[in-house]
Amino acid sequence: MEEFASDTDSDYASYWRDWFISSKGNEYFCEIDEDYLTDRFNLTGLNTEVQYYQHALDLVTDVFDMEVDDDMREQIEKSARHLYGLVHARYIVTTRGLAKMMEKYKQGVFGKCPRVICESQHLLPMGQNDTANASHVKLYCAKCEDIYNPKSSRHNQIDGAYFGTSFHNILFQVYPALVPVKTQRRYEPRLYGFRVHASAALMRWQEERRDEMKERLRARGMDTGFDAEEEEADEEGDGEIGDEGEEDGLDDMFEVGGGMAQTQIVQ
Amino acid sequence: MANADVPTLEIVIDYTCDRPHIDIKNTAKLAQRMNKNFAPAEDDFTRGEFDQEIDELSEEEDEEQAIIPSDADKDNQAEESGLVIRPGITRGLSAAFEKACRIDEVALDEELEMSSSSQAAETWINAFCSLTGHEYFAEVGEDFIEDDFNLTGLQSQVPMYKEALEMILDVEPEDATDEEDDEEEDDEDDEEMQVMDRGYPDAESRAAARRHLRLASDLSVIESSAEMLYGLIHQRFITSRAGIQQMAEKYEMGHFGHCPRVYCHGAKVLPVGCSDIPGQETVKLFCPSCLDVYTPPNSRFQTVDGAFFGTTFGCLFFMTFPDMDVGGTKPPPPIEASASTPTSQPPMPPQPGPSSHPHPTQQAYPQPDMINGVTPKNLAPGLGPGNIYEPRIYGFRVSEVSKTGPRMKWLRSRPADINELDECRMWAESQEAALTPAQLGDSEMVEENEEIDDGEVEDEDMAVEPNGEEVDGEAQEGDYAQLREVTTQRKKTGRRRNRSHDVMVNGSGGGTAVRVGDGG
Chain A
1 MEEFASDTDS DYASYWRDWF ISSKGNEYFC EIDEDYLTDR FNLTGLNTEV QYYQHALDLV
61 TDVFDMEVDD DMREQIEKSA RHLYGLVHAR YIVTTRGLAK MMEKYKQGVF GKCPRVICES
121 QHLLPMGQND TANASHVKLY CAKCEDIYNP KSSRHNQIDG AYFGTSFHNI LFQVYPALVP
181 VKTQRRYEPR LYGFRVHASA ALMRWQEERR DEMKERLRAR GMDTGFDAEE EEADEEGDGE
241 IGDEGEEDGL DDMFEVGGGM AQTQIVQ
Chain B
1 MANADVPTLE IVIDYTCDRP HIDIKNTAKL AQRMNKNFAP AEDDFTRGEF DQEIDELSEE
61 EDEEQAIIPS DADKDNQAEE SGLVIRPGIT RGLSAAFEKA CRIDEVALDE ELEMSSSSQA
121 AETWINAFCS LTGHEYFAEV GEDFIEDDFN LTGLQSQVPM YKEALEMILD VEPEDATDEE
181 DDEEEDDEDD EEMQVMDRGY PDAESRAAAR RHLRLASDLS VIESSAEMLY GLIHQRFITS
241 RAGIQQMAEK YEMGHFGHCP RVYCHGAKVL PVGCSDIPGQ ETVKLFCPSC LDVYTPPNSR
301 FQTVDGAFFG TTFGCLFFMT FPDMDVGGTK PPPPIEASAS TPTSQPPMPP QPGPSSHPHP
361 TQQAYPQPDM INGVTPKNLA PGLGPGNIYE PRIYGFRVSE VSKTGPRMKW LRSRPADINE
421 LDECRMWAES QEAALTPAQL GDSEMVEENE EIDDGEVEDE DMAVEPNGEE VDGEAQEGDY
481 AQLREVTTQR KKTGRRRNRS HDVMVNGSGG GTAVRVGDGG
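Chains A and B supply the protein sequences, listed in that same order. So in full-length UniProt numbering, spot 224 of the first sequence is number 224, and the numbers just go up one at a time. So in full-length UniProt numbering, spot 257 of the second sequence is number 257, and the numbers just go up one at a time.
Since the hints were derived computationally from the structure, they do not count as laboratory data. Any given hint could turn out to be false.
Pairs of lysine-lysine, DSSO-like flavour, derived with a Cα cap of 30 Å [said to hold, decoys possible]:
1. A:Lys112 with A:Lys24
2. A:Lys100 with A:Lys78
3. A:Lys182 with A:Lys106
4. A:Lys78 with A:Lys214
5. B:Lys377 with A:Lys151
6. A:Lys214 with A:Lys182
7. A:Lys151 with A:Lys100
8. A:Lys182 with B:Lys403
9. B:Lys250 with A:Lys151
10. A:Lys151 with A:Lys106
11. A:Lys100 with B:Lys403
12. A:Lys104 with B:Lys403
13. A:Lys78 with A:Lys182
14. A:Lys106 with A:Lys24
15. A:Lys214 with B:Lys403
16. A:Lys151 with A:Lys24
17. A:Lys104 with A:Lys182
18. A:Lys104 with A:Lys78
19. B:Lys377 with A:Lys106
20. A:Lys214 with A:Lys100
21. A:Lys24 with A:Lys104
22. A:Lys151 with A:Lys112
23. A:Lys24 with A:Lys78
24. A:Lys112 with B:Lys162
25. A:Lys151 with A:Lys182
26. A:Lys112 with B:Lys403
27. A:Lys151 with A:Lys104
In this text the structure is predicted, and so the values were computed from the model without any measurement.
Work out the full structure, taking the sequences as your base and the hints as a guide.
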C-alpha cells in the first residue's frame, strides 16, 4: 500500500473512489454511490470508529482541499480507506449495492471455489466478524457452503468487516435464482480402488445426516436443492446413496472395481 | 531475473552423448570465429524472447508468485511440425535452458573455449524435478528405475519407451541406429569425436549441426515420453518405502501447500490424482483434515498430470504415518483437542449436555484410542461441531427450512462422539439385541435382503477392528432370518441416534434461527 501515497499526491483530488476501486488488491470492492455516502444517516456511528472522520469523509467524497503535511495525509488516507470499507459493508446490503455485487459475482471477480467437486463455482467475499480488525476477508462458496481463504496474499489483507457476515446470505435471499444446485458427489479416498474404512465410515455417517435432512425437507414439501438426477439415482438405488453417480469424472477407473469394494449401509 | 545485457543466445540440447549437455552459443562471436553461418535451428531459443515472456508472465501471475518460463514459439513450431507436446514439456526444456543461461558474459567466452559439459553435471531427474511446476515431484532413485520389475507394463503405455528410459537414466543409446545423418563417412568415428573434441568450436558446430536434425524430430517426442514415463514410475515410486519417506519429508516442510478451507486452519495437503490413467485429470491436493480435494492455487500445476501421483498415494501416506499430526495449527483454541471431545466451542451455540444423548452407555465409554484404524484426533480434525460454517444474517442463523438455507452441513460434519463411527461394535451390539427376540423366518423377505447383508458382511470384512473377525464369522453362518432382524434393529438404532442429532444441531442456540425471506 506504499505506492498509493505517491499516487495520490498528484491526483488525490479527483475521483478518490475511482482510484480506490481500480487500485490493485481492491478488486473485491464495488463503488459506493455519492448520494449514499453523503447521506449522514448511512454513516451513523462511524465517526467513533474512524480517526479523522471528517477529513476522511471529505477525501472519499472528493471535497478534501486542506493543505496538510505528508504524515498527516498518510493518516487521513488510511482513515479514508477504513471509512470506505465500513460504509461498503453497509452499502452492499442495499438494493443497489446488491445489484452491483451480483454483477461482480457473475463475472467471477471474487474467484472460484478451490474445491474440485464444486467445479469452479464462483465465490463471494464475506467476513467472519462485523467488527473491524477481527479477521480478514474470506470467500464463501454457495455450492459447498463453506468458506475459504483467498489465494492471493493481497486479498488476504483486507478486513473482513468491509463485507460483513450477512451480505452473501442476503444476496442469495434476494436473488434465490442464483443459488447453485448442490451436489452429492464427493471425493472418496481410496487405496488400490478400495475405500478406506475410517473415512468411509465417516462418510456413511455424514450421508445418514444428509438423508435425514432431506427427509425433513420433504416432510415440509421443500425442494432439497440437490441435483435432480443425482436424487433420482439415489431413489432408484434405494440406499445406494448414488455412489456410482458420485464418482463421475473422478475415480473413473474404479467404477467396475467399485462393485467389489462396495460397502453399503442398510437404509 | 531479467538481465537486459545478456547477449542473444542459441541453445542446443544434446541427448546423444552420455550426459545431456547443453551447448550455448553466442551467435555473433561464433560467426566471427568460424566464418560460417550458423543458421538458427527450429528449436533454437533466444534469450531476448525469453526475458520478455518472463516479464509478461510475472506480471500476470504476480499474485501467485509464479514465474513461468513458457515458450509459446516452441509450442507453435511443434504444432506446425505435427507434434503434440503438452505445455509441461516445453516448459521443462525452457527452464533447463534458463538454468544454463545463468552464466555471465565473461564466463560465456570461457565456455566457448572450454568444454561445456561441466554445466551438465546434474541428472535428467534432478533437472526435471527442479523445474517450475514440478515442485511436487519426488526424485525417483535410479536403482528403483533400473529394477525392471518396477517398470512392468509401462512399455505398452509409453511411446518410444526405450529412448525415454535412456533419457531418464542419462544413458547414451547403445546402438546409433537412428543416426539420421549418413552423409559423413566416418560415422562411428564422429560419434567418438563428438565426445572427445567437444572443446573445439569446429567439431562442436559440426556435431551441433547434425544434432539439429535430431532435435527437430525426435527429441521433443522422446522428451514428452520421458516425462510421461517418469510420471508413471513416480506414481509407483511414491508408494514404495523410499518414495513415501521422501514425500513425507516434503510434506513436513509444507512443499505441497495448505488447505484453502478456513476451518482446516492451514492443514498441510498432499498431491493426489483422481485417476490412475494419464491424461484425464490434473494433480489435485488432498486435505486430510477435511477429506476433500482441492485445485492447486497456482496455475503452473494445471499442467501436471494427476496420474503421476495416483489415487492410492494419499490414503497410503496417512496410513503409513498414523502418528503424523494432520490437523492445522493456526490460532483458534486447540481445534484437534476440541474436535475429538464433545465440548462446545465459542462460535457454536451451546449443545445439549451429554445426558440427553441416546446412548448413555456410550457416553460412559471414554473416547477410544483408535477408531477404525486411526486415532480420533487424526480422523478429519477439520470437520465437526465448531468447524462447520454457519450462515447468519445480522447474527441470526439462516434456517434450514429457508429456500436458501444451509444444505451442505453434512459434508463437514463429524459425530461429536466418535464411537458412533464404530460400525463393528454397533453391529455386534445390535446383533446381540437381535438374538433375544423371537426370530421371524420369512424366507421371501430374507432373499430381498440377502444382497444388502452381503454388502454389510464385506464391510465388516474390511474393518481393521480386532472384533471384525469374530463378527464376520458370525455373519457367515448364514442365518439370514437373524441377519434381517439385525438389520431392522440397526436401522432403528440409527434413526434414534439421528433424531437426537437433530436436536443437537438445530434445536440448540435458544431458538435464534429465523426463517428469512422465504417467499423469494
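Quick rundown of the hints versus the structure:
1. A:Lys112 with A:Lys24: With a Cα-Cα distance of about 19 Å, the restraint between A:Lys112 and A:Lys24 holds, given a limit of 30 Å.
2. A:Lys100 with A:Lys78: holds (25 Å)
3. A:Lys182 with A:Lys106: Holds, at roughly 18 Å.
4. A:Lys78 with A:Lys214: Violated, at about 49 Å.
5. B:Lys377 with A:Lys151: Cα-Cα ~27 Å, so holds.
6. A:Lys214 with A:Lys182: holds (12 Å)
7. A:Lys151 with A:Lys100: This hinted pair holds, its Cα atoms lying about 23 Å apart.
8. A:Lys182 with B:Lys403: Since the Cα atoms of A:Lys182 and B:Lys403 sit roughly 13 Å apart, the hinted pair holds (cutoff 30 Å).
9. B:Lys250 with A:Lys151: holds (21 Å)
10. A:Lys151 with A:Lys106: With Cα atoms ~19 Å apart, A:Lys151 and A:Lys106 stay inside 30 Å; holds.
11. A:Lys100 with B:Lys403: The given pair, whose Cα atoms are some 23 Å apart, holds under the 30 Å limit.
12. A:Lys104 with B:Lys403: Holds - the C-alpha atoms of B:Lys403 and A:Lys104 are around 23 Å apart, at most 30 Å.
13. A:Lys78 with A:Lys182: Given pair A:Lys78, A:Lys182 is violated - Cα atoms ~41 Å apart, limit 30 Å.
14. A:Lys106 with A:Lys24: Answer holds: A:Lys106 to A:Lys24 is near 20 Å, not above 30 Å.
15. A:Lys214 with B:Lys403: This hinted pair holds, its Cα atoms lying about 13 Å apart.
16. A:Lys151 with A:Lys24: This hinted pair holds, its Cα atoms lying about 15 Å apart.
17. A:Lys104 with A:Lys182: holds (22 Å)
18. A:Lys104 with A:Lys78: holds (25 Å)
19. B:Lys377 with A:Lys106: Violated, at about 40 Å.
20. A:Lys214 with A:Lys100: Distance ~34 Å between A:Lys214 and A:Lys100 Cα, so the pair is violated.
21. A:Lys24 with A:Lys104: holds (16 Å)
22. A:Lys151 with A:Lys112: holds (10 Å)
23. A:Lys24 with A:Lys78: holds (16 Å)
24. A:Lys112 with B:Lys162: violated (42 Å)
25. A:Lys151 with A:Lys182: OK: A:Lys151 and A:Lys182 at ~24 Å, within 30 Å.
26. A:Lys112 with B:Lys403: holds (23 Å)
27. A:Lys151 with A:Lys104: holds (18 Å)
Violated hints, listed in ascending order, are 4, 13, 19, 20, 24; each of the other numbered hints is respected by the structure.
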